[in-house]
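Sequences listed follow chains V and G, in order.
Numbering (numbering that gives the first Met the number 0) for the first sequence: 0 to 341.
Numbering (numbering that gives the first Met the number 0) for the second sequence: 0 to 341.
Since the hints were derived computationally from the structure, they do not count as laboratory data.
Remember, predicted model here, so these are calculated numbers, not experimental data.
Ideal placement from N, C-alpha and C gives every residue a C-beta, glycine not left out.
Just to be clear, a hint being listed does not mean it is correct.
[What the hints assert, rightly or not] 30 Å max Cα-Cα, derived DSBU-like pairs, lysine-lysine:
#1 Lys312(V) - Lys85(G)
#2 Lys6(V) - Lys31(V)
#3 Lys93(G) - Lys93(V)
#4 Lys31(V) - Lys130(G)
#5 Lys241(V) - Lys31(G)
#6 Lys53(G) - Lys181(G)
#7 Lys312(G) - Lys130(V)
#8 Lys143(G) - Lys97(V)
#9 Lys26(G) - Lys236(V)
#10 Lys85(V) - Lys26(G)
#11 Lys97(V) - Lys26(G)
#12 Lys85(G) - Lys26(V)
#13 Lys31(G) - Lys130(V)
#14 Lys333(V) - Lys130(G)
#15 Lys241(V) - Lys329(G)
[Unchecked claim] Calculated Cβ distances over 10 Å to all of chain G for the following chain V residues:
#16 Glu78
#17 Lys143
#18 Ile149
#19 Glu153
#20 Thr165
#21 Glu167
#22 Leu173
#23 Lys181
#24 Arg220
#25 Asn247
#26 Lys329
There are 2 protein chains.
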Amino acid sequence: MSSPISKEDQFAAWYETMLEAGEVVDKRYPVKGMPVWRPYGWFLHSSIMELIEKQWTLQGIEKVQFPLCIPEFYLRQEESHIEGFKAECFWTTKGGDKDLDVPLALRPTSETAMYNMFSLWVRSFRDLPLKVHQTCSVYRHETKNTRPLIRVREIPWNEAHTCHATREDALENLRMAWVGYKRVIEETLGFTGLILTRPDWDRFGGGECSEVMDTIMPCGRVLQTVGAHYLGQKFAKACDIKYLDEKNEFQHVWMTCYGVSTRLLAATLAVHGDDTGFILPPAIARYQVVVVPIIMKKKDSEVVFARCEEIMKDLQEAGIRATLDRSDQKPGAKFFHWEMKG
Amino acid sequence: MSSPISKEDQFAAWYETMLEAGEVVDKRYPVKGMPVWRPYGWFLHSSIMELIEKQWTLQGIEKVQFPLCIPEFYLRQEESHIEGFKAECFWTTKGGDKDLDVPLALRPTSETAMYNMFSLWVRSFRDLPLKVHQTCSVYRHETKNTRPLIRVREIPWNEAHTCHATREDALENLRMAWVGYKRVIEETLGFTGLILTRPDWDRFGGGECSEVMDTIMPCGRVLQTVGAHYLGQKFAKACDIKYLDEKNEFQHVWMTCYGVSTRLLAATLAVHGDDTGFILPPAIARYQVVVVPIIMKKKDSEVVFARCEEIMKDLQEAGIRATLDRSDQKPGAKFFHWEMKG
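Excised from the complex, chain V in its bound form (with noise of 0.2 Å):
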């Protein structure tokens, strides 16, 4: 970046060219929507999604890993949900050179393909409340302009599912989904956004009500970061998961779902970052530190490194994630880029 963009002017521009130069993604890979992850902004996303996922655990939520490949026969079970998603599927239709017996969606969201898994395993009211996740990417085959991190067609994220022997246990399910989101979104990421319902012609295709969070983005737009969903006994009719409750009859469960995927990074560089780059909160940072050496006479160069190298090891084993810019960089240059990346 030689002239620096102004982020309040030109967010857009601003936005993109530093998610190039902050080394966060490579958009010149040939997949409209599917742009490389650098090992920069991989960790940042991952950071997050670990942070997520801790959540998960000490709420009793299990990690699970469902296949990429949803069979068209599961996605038409519920509806509206597959009215919601068809538009966009990527059809897998072939393998080596032949026809599939059936197309496989590439997964646009889990509901069908983990509902028809929890219909085998949920038998009795010992089994409830069943809590899963997963960290995964969906893909779907967006027509709009595709943007990094905000409009893509492979979106790595997080998704929760949980089903429950009642109503009651359902919504303050998705009580503590708040709670763990708003832990990791206010607390860590320092960002917020207004909670909303959407209405019945916004909401979530097979689901009874959408709550979200929008946060609002420099240039005034609203990004919704998080999406949580009540989905009432609609996909557990759809799917047939019932159990036996205490007087021996059988019941439908009741559902919720919610996800949050790059979107959670896309809000904390645009909302922090100012003209000379990202500003990282400390827990996702892939560097805490950067040791930048600055050599007076060449002779001292050594030394200088040598002190460097003990700095950065102190750090290192105090936990601190440190690096040394080793680069023949000048120093004014290394400021420059280390600023920019955060």
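Since the structure of chain V is provided, determine the placement of chain G on it from the hints.
Okay, now just chain G, sitting in the frame of chain V:
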């Protein structure tokens, strides 16, 4: 498992039964070769991947994330590579109702996705070595019988890819890869195998030389548990990865790649298990201690549970993964269950 199966006499049946009974995977998901990873199993696999990642971090190999989808023209760049993989690629051909402009392969391995980007990232000798790894899944439309963790169509794995200025640096890097793998496999997972060079007809498509670890399974068959490939300059030429050397002349880089998959978990479970169930290395065990309350008289139940809770918490605070079996099974059934799960 009401009647235990003899591991020695009927290894295949023992293995398949144990993976389901031990809640590693659930094969009832209706896509062949793509089982669901249950929390217990996913913890084991993820723990092994974390051990591998830790080795790569120590060796300065950086973690990236490349897109799942590889355009057909990338895969075709290296002739022997596409020959090796074309029969087993899954192809995504549609987005919504429309045909995609270019068919996209679900990565069968990531060489061509990565190496075209490497050609943009490598400019001068200062950019070398370039060493990256990623943890993801690869997809292969196996036509043979599938078998969980060993031969599947969705393969969770870790792959590393490196570029070097000289042939010697590349070979030295491969030597270090084996140091890392052996540390995890021999010192932590507690098994080993024969390190063999594959004959030309069986070598990785696009490589110069393939070294593998073949682990002998209890049934006497061998399982390839590690693959490490010296790529020479074949891909560097196919994907045009060049650097300016210190004399300002362009040179192609020398490359290596290597990977391990869920087969490490398969071998761990197969080698150590016995007729009563899994025997897990403590480093990857989901629970290192299970507290089983023994209630002699019903009225003592509360006191015993309270004491068990205390013991569990003390262990957890000491950094041990401990759990308390709160189910209403009898102690004998609990012992049987946890014996089986390792």
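Here's how the hints hold up against the structure:
no. : hint                  : in the structure
1   : Lys312(V) - Lys85(G)  : violated, 48 Å
2   : Lys6(V) - Lys31(V)    : holds, 25 Å
3   : Lys93(G) - Lys93(V)   : holds, 11 Å
4   : Lys31(V) - Lys130(G)  : holds, 26 Å
5   : Lys241(V) - Lys31(G)  : holds, 26 Å
6   : Lys53(G) - Lys181(G)  : holds, 13 Å
7   : Lys312(G) - Lys130(V) : holds, 22 Å
8   : Lys143(G) - Lys97(V)  : holds, 15 Å
9   : Lys26(G) - Lys236(V)  : holds, 23 Å
10  : Lys85(V) - Lys26(G)   : holds, 27 Å
11  : Lys97(V) - Lys26(G)   : holds, 24 Å
12  : Lys85(G) - Lys26(V)   : holds, 27 Å
13  : Lys31(G) - Lys130(V)  : holds, 26 Å
14  : Lys333(V) - Lys130(G) : holds, 22 Å
15  : Lys241(V) - Lys329(G) : holds, 26 Å
16  : Glu78                 : holds, 18 Å
17  : Lys143                : holds, 13 Å
18  : Ile149                : holds, 17 Å
19  : Glu153                : violated, 6 Å
20  : Thr165                : holds, 21 Å
21  : Glu167                : holds, 22 Å
22  : Leu173                : holds, 21 Å
23  : Lys181                : holds, 25 Å
24  : Arg220                : holds, 26 Å
25  : Asn247                : holds, 16 Å
26  : Lys329                : holds, 15 Å
Hints 1 and 19 from the list above are not met by this structure, while the remaining hints are.
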